[in-house]
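**Q** Sequence:
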Amino acid sequence: MPSGKTHDIITLMLAAPAFAAGYAAFGELPAAAAGTAAFVFGGLMFGPDLDTASKQYSRWGIFKFLWMPYSVFFTHRSRWSHGLVFGTLIRVVYFMGVLTLASFAGSYLAAAYSGGDLPRFAELLDAWGSIGAWARSSLGSHILIAAFAGMWLGAASHTFTDTAGTYIKTGRITEFL
Numbered sequence: 001m002p003s004g005k006t007h008d009i010i011t012l013m014l015a016a017p018a019f020a021a022g023y024a025a026f027g028e029l030p031a032a033a034a035g036t037a038a039f040v041f042g043g044l045m046f047g048p049d050l051d052t053a054s055k056q057y058s059r060w061g062i063f064k065f066l067w068m069p070y071s072v073f074f075t076h077r078s079r080w081s082h083g084l085v086f087g088t089l090i091r092v093v094y095f096m097g098v099l100t101l102a103s104f105a106g107s108y109l110a111a112a113y114s115g116g117d118l119p120r121f122a123e124l125l126d127a128w129g130s131i132g133a134w135a136r137s138s139l140g141s142h143i144l145i146a147a148f149a150g151m152w153l154g155a156a157s158h159t160f161t162d163t164a165g166t167y168i169k170t171g172r173i174t175e176f177l
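Numbering follows the numbering used here, with no gaps: position 64 of the sequence shown is 64.
It is worth saying that the hints were derived from the structure and are not from the lab. The reader is advised that the hints may include incorrect statements.
[To be verified] Using C-beta positions, here's what the derived DEER-type ranges look like:
{"#": "1", "residue 1": "Thr-6", "residue 2": "Ser-130", "range": "33 to 43 Å"}
{"#": "2", "residue 1": "Lys-64", "residue 2": "Leu-124", "range": "21 to 31 Å"}
{"#": "3", "residue 1": "Thr-163", "residue 2": "Asp-117", "range": "47 to 57 Å"}
{"#": "4", "residue 1": "Leu-89", "residue 2": "Ala-53", "range": "22 to 32 Å"}
{"#": "5", "residue 1": "Glu-123", "residue 2": "Pro-17", "range": "38 to 48 Å"}
{"#": "6", "residue 1": "Pro-30", "residue 2": "Ser-130", "range": "11 to 21 Å"}
{"#": "7", "residue 1": "Ala-24", "residue 2": "Phe-65", "range": "38 to 48 Å"}
{"#": "8", "residue 1": "Pro-30", "residue 2": "Ala-127", "range": "17 to 27 Å"}
{"#": "9", "residue 1": "Thr-6", "residue 2": "Asp-117", "range": "49 to 59 Å"}
Glycine is no exception: its CB is placed at the ideal position from the N, C-alpha and C atoms.
Working from the sequences, and respecting the hints, build out all of it.
**A** Encoded structure:
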């Protein structure tokens, strides 16, 4: 497997082509910019190595504890962490769940401290819908698709690099090509 530094260099080198592809696909500057930012985020912070003590994991700093349950549930290089189909989708759903639970806990503590009404969980879920509607109306109808595509491609570049590195190290490069 390539080192974290190699993955970082590949991610940064592919940022400009990711922007060009995003602009060609969506024809909107905000969507291309969001897709590129998500690509870099997906490659540097949100990739498949969050289930190990990796460079991606350490970049989360004091928030890396958020990924501990993820690392318990998914084994490294499994189809669920490194898989092209499910890997990024699982991380996005997992992270949105963590953010929702953290928002609920924060709202609950604030309401309990101030004596206000306790929030309902459904209200927080509705807030995600409002955020998505605002993003689509303010930044373009393709913004969320572009962001997810960027994260997916950033993680996919990591998986492809790992796969190529494995085939090169084992001498099975002709099988890869």
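**Q** Indicate, hint by hint, whether the structure satisfies it.
**A** Here is what the structure says about each hint:
As the Cβ distance of Thr-6 to Ser-130 is approximately 40 Å, the hint placing it in 33 to 43 Å holds. Checked against the hint of 21 to 31 Å, the pair Lys-64 and Leu-124 passes, with Cβ atoms roughly 24 Å apart. Roughly 52 Å separates the CB atoms of Thr-163 and Asp-117, a value that falls within the hinted 47 to 57 Å. Checked against the hint of 22 to 32 Å, the C-beta distance between Leu-89 and Ala-53 comes to roughly 24 Å, which is consistent with it.
The hinted window of 38 to 48 Å between Glu-123 and Pro-17 holds, with their beta carbons roughly 41 Å apart. A C-beta distance of roughly 19 Å is found between Pro-30 and Ser-130, which places it inside the suggested range of 11 to 21 Å. The hint said 38 to 48 Å for the Cβ distance between Ala-24 and Phe-65, and at roughly 39 Å that hint holds. For the pair Pro-30 and Ala-127, the supplied restraint of 17 to 27 Å holds, since their beta-carbon distance comes to about 22 Å.
Checked against the hint of 49 to 59 Å, the pair Thr-6 and Asp-117 passes, with Cβ atoms roughly 52 Å apart.
When held up to the earlier numbered hints, the structure conflicts with none and fits them all.
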